[in-house]
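Q: Mind docking chain B on chain A? Use the hints.
Chain order of the listed sequences is A and B.
If you're matching positions, the first sequence starts at 0 in numbering that gives the first Met the number 0 and goes up one per residue.
If you're matching positions, the second sequence starts at 0 in numbering that gives the first Met the number 0 and goes up one per residue.
Watch out, some of these pointers could steer you wrong.
Restricting the straight-line Cα-Cα distance to at most 25 Å, the calculated cross-link-like pairs of lysine to any residue (SDA-like) are [said to hold, decoys possible]:
no., chain 1, residue 1, chain 2, residue 2
1, A, Lys88, B, Glu212
2, A, Lys88, A, Arg68
3, A, Lys88, A, Thr145
4, A, Lys88, B, Leu268
5, A, Lys88, B, Asp214
6, A, Lys88, A, Glu128
7, A, Lys88, B, Leu213
8, A, Lys88, A, Arg124
9, A, Lys88, A, Thr70
10, A, Lys88, A, Glu139
11, A, Lys88, A, Asp54
12, A, Lys88, A, Thr39
Hint data in this document are derived by calculation from the structure and do not stem from the laboratory.
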Amino acid sequence: MTRTWLIALLAGAHLAAAHQADAQRRDREDRIARIDTTLTLARGGLVELEGPDGDMIVTGWDRDEVRVRATNNDGDLRLDATSSRIQLKSVGMGWSDVRYEVTVPTGTRLLLNGRSTEITVRGTRGEVEAHTQNGDIAIEDATSVTVNALNGDVELRTMDRVRVNLVAGDVRITGGRGAIEVVTVSGDVEMHGMTSRSVSAGTSSGEVFYEGAIDPSGRYELTSHSGNVVVRLPADVSAAVRLQTYSGEIESDFPIHLEGGATMGGHPRSFDFRIGNGGARITMTSFSGAVRLQRAGTSNRQED
Amino acid sequence: MIALTCDRFEDRLSALMEGETAAAEREQLEAHASACSRCGPLLVELRAIVREAGDLPELLPSRDLWEGVAARIETPVVQIEPRQAPLVVRRGLSWRTAAAAAAVLVALTALATWRIAATGVDSQGTERIAAAVEPPVTAPPSNPSAGTTPPVDTAPAPDRMAPAPRSLTARPRATTPAVSAPAVRNAAADAATAVYDREIASLRSMLDTRRAELDSATVRVLEENLTIIDRAIAQSRQALAQDPNSTFLIDHLNSALGRKVQLLRTVTLIPASS
Numbered sequence: 000m001t002r003t004w005l006i007a008l009l010a011g012a013h014l015a016a017a018h019q020a021d022a023q024r025r026d027r028e029d030r031i032a033r034i035d036t037t038l039t040l041a042r043g044g045l046v047e048l049e050g051p052d053g054d055m056i057v058t059g060w061d062r063d064e065v066r067v068r069a070t071n072n073d074g075d076l077r078l079d080a081t082s083s084r085i086q087l088k089s090v091g092m093g094w095s096d097v098r099y100e101v102t103v104p105t106g107t108r109l110l111l112n113g114r115s116t117e118i119t120v121r122g123t124r125g126e127v128e129a130h131t132q133n134g135d136i137a138i139e140d141a142t143s144v145t146v147n148a149l150n151g152d153v154e155l156r157t158m159d160r161v162r163v164n165l166v167a168g169d170v171r172i173t174g175g176r177g178a179i180e181v182v183t184v185s186g187d188v189e190m191h192g193m194t195s196r197s198v199s200a201g202t203s204s205g206e207v208f209y210e211g212a213i214d215p216s217g218r219y220e221l222t223s224h225s226g227n228v229v230v231r232l233p234a235d236v237s238a239a240v241r242l243q244t245y246s247g248e249i250e251s252d253f254p255i256h257l258e259g260g261a262t263m264g265g266h267p268r269s270f271d272f273r274i275g276n277g278g279a280r281i282t283m284t285s286f287s288g289a290v291r292l293q294r295a296g297t298s299n300r301q302e303d
Numbered sequence: 000m001i002a003l004t005c006d007r008f009e010d011r012l013s014a015l016m017e018g019e020t021a022a023a024e025r026e027q028l029e030a031h032a033s034a035c036s037r038c039g040p041l042l043v044e045l046r047a048i049v050r051e052a053g054d055l056p057e058l059l060p061s062r063d064l065w066e067g068v069a070a071r072i073e074t075p076v077v078q079i080e081p082r083q084a085p086l087v088v089r090r091g092l093s094w095r096t097a098a099a100a101a102a103v104l105v106a107l108t109a110l111a112t113w114r115i116a117a118t119g120v121d122s123q124g125t126e127r128i129a130a131a132v133e134p135p136v137t138a139p140p141s142n143p144s145a146g147t148t149p150p151v152d153t154a155p156a157p158d159r160m161a162p163a164p165r166s167l168t169a170r171p172r173a174t175t176p177a178v179s180a181p182a183v184r185n186a187a188a189d190a191a192t193a194v195y196d197r198e199i200a201s202l203r204s205m206l207d208t209r210r211a212e213l214d215s216a217t218v219r220v221l222e223e224n225l226t227i228i229d230r231a232i233a234q235s236r237q238a239l240a241q242d243p244n245s246t247f248l249i250d251h252l253n254s255a256l257g258r259k260v261q262l263l264r265t266v267t268l269i270p271a272s273s
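With the rest of the complex left out, here is chain A (with noise of 0.2 Å):
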């Protein structure tokens, strides 16, 4: 008799946390709130995303529709639309945690604003605005790309026309055609199979990189404190270059004919000097890192 009890009270106990933990479970799935559904835009419309925490993946395709699928843990979801804006934000306490898989038509406008948030986007075709205070941004196949961030490392791949101002992190651009203006404080700058005619690359205890093609009336300008400025050039580039440094070291793979002069004791040093006839100009500055002019195909390092 008293087995008996004991077991069906066990039975009970059981039943009892099994209940509970079921009501726990649909109690945060109710809290998760989800969005799964595609709209119609407008071909350049304007795609606003906004969340606190998580991640904002993007990627372009050729229907004038979005597929918006977006999770939300703790908080709401709200989604308005227009026929050529859309705006899909993260709606409760403060730091939710979101994942937006968006899809976009190609040529769609993005304005991306995180806080602490992985953005990706691939192969929109327009404009992208991104905005955010921690994580990484990784952009692909855009026409213009803005970002603002604190925290995080950026890079960016296939674009016409780049402007980054970021804190803290690295830059990483591959296969940059049109102006490029890029800041950062302590990270590095690195730019790849580049043919951007208009370059302005700057960091405070950085490095800076920059590997391409310089057109003749190009301008190129890429600057340190503490870091080395590095620039690899064509064999048969034609440039105006100027490289100063106040107490680092001056390297060059191309033969210095001087021009307007050069002072090369003390502080600062620099060398103003043309290479084949002298279109583009190319500025390298840095105060205490190394200035460092490479010619393709001699030398295969980035950094001594």
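A: Leaving out everything else, chain B in the frame of chain A:
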């Protein structure tokens, strides 16, 4: 025609610079300047200063501010049906509102700084020259302090290390000595530095009031990077003290100051952590 004296030329110099003279008077003034060994160089110097003033470091409110404001005042969006997620009314002051308020504050600060720099008029009514110096086409001149040890790893210096900006008047009296190019360059650099310093002090004050609103990780990143920039500023200033005429160092210092202004502007726009 009445012969023009040097005193009369100086009295009308301001009008000449402003383009407020009639054609006949302008010709008369130009003729006097071309013949006078004192007034001619003065006119040349002042015109050079005006050209250099055109290179004043840009302290306009950043485009980002406008974009943020514009995003907030665009056409309101229309709800679509059926709603996929419940609409929740937000409580209290949202971070967007706080960011917009901060944006307005920053814009006002930047605008005030820009107006000071653009008009160049100080409280005494004299015209202040505030310009960055364009690097020369040729290499900088040799440094008299060649061989000295470069200043590295110095401690961060306070923002207000710059000497007080010197004022140049557009109506110099006859006793005013001719202004040499290095003096003009230094005055312009000092004035530009002072403009940066004023904006930095203002923005730094804003940051201090907001510090408690920001999460500790954000504050740590900010302080680390402000330290990096302060070190760059200190090193540039120490080098500049040894070589005050170096356009390289003046440009480098202004670049570091500008970067600090940019960072502080960014900070004031960061939304509160809760």
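Q: Does each hint hold? Answer for all of them.
A: Each hint, compared with the structure:
Note on A:Lys88 and B:Glu212: the hinted pairing holds, with a Cα-Cα distance of about 22 Å set against a maximum of 25 Å. A hinted pair counts as satisfied when its Cα atoms are at most 25 Å apart, and A:Lys88 with A:Arg68 qualifies at roughly 12 Å. With a C-alpha separation of about 20 Å, the suggested pairing of A:Lys88 with A:Thr145 holds against the 25 Å cut-off. Straight-line distance between C-alpha atoms of A:Lys88 and B:Leu268 comes to about 19 Å, which keeps the hinted pair within the 25 Å bound.
The suggested pairing of A:Lys88 with B:Asp214 holds, with an alpha-carbon distance near 22 Å, which does not exceed 25 Å. Taking the CA atoms of A:Lys88 and A:Glu128, the gap is near 16 Å; set against the 25 Å cutoff, the hint holds. Taking the CA atoms of A:Lys88 and B:Leu213, the gap is about 22 Å. The hint holds against a cut of 25 Å. Between A:Lys88 and A:Arg124, the direct Cα distance comes to roughly 23 Å. Compliance with the 25 Å bound is thereby established for this hinted pair.
Proposed proximity of A:Lys88 and A:Thr70 is supported: the alpha carbons are some 10 Å apart, at most 25 Å. Between the alpha carbons of A:Lys88 and A:Glu139 the distance comes to roughly 23 Å, so the proposed pair stays at or under 25 Å and holds. Distance hint between A:Lys88 and A:Asp54 is fulfilled; the C-alpha atoms sit about 12 Å from each other, no more than 25 Å. As the CA atoms of A:Lys88 and A:Thr39 are separated by approximately 18 Å, the hinted pair is consistent with the 25 Å bound.
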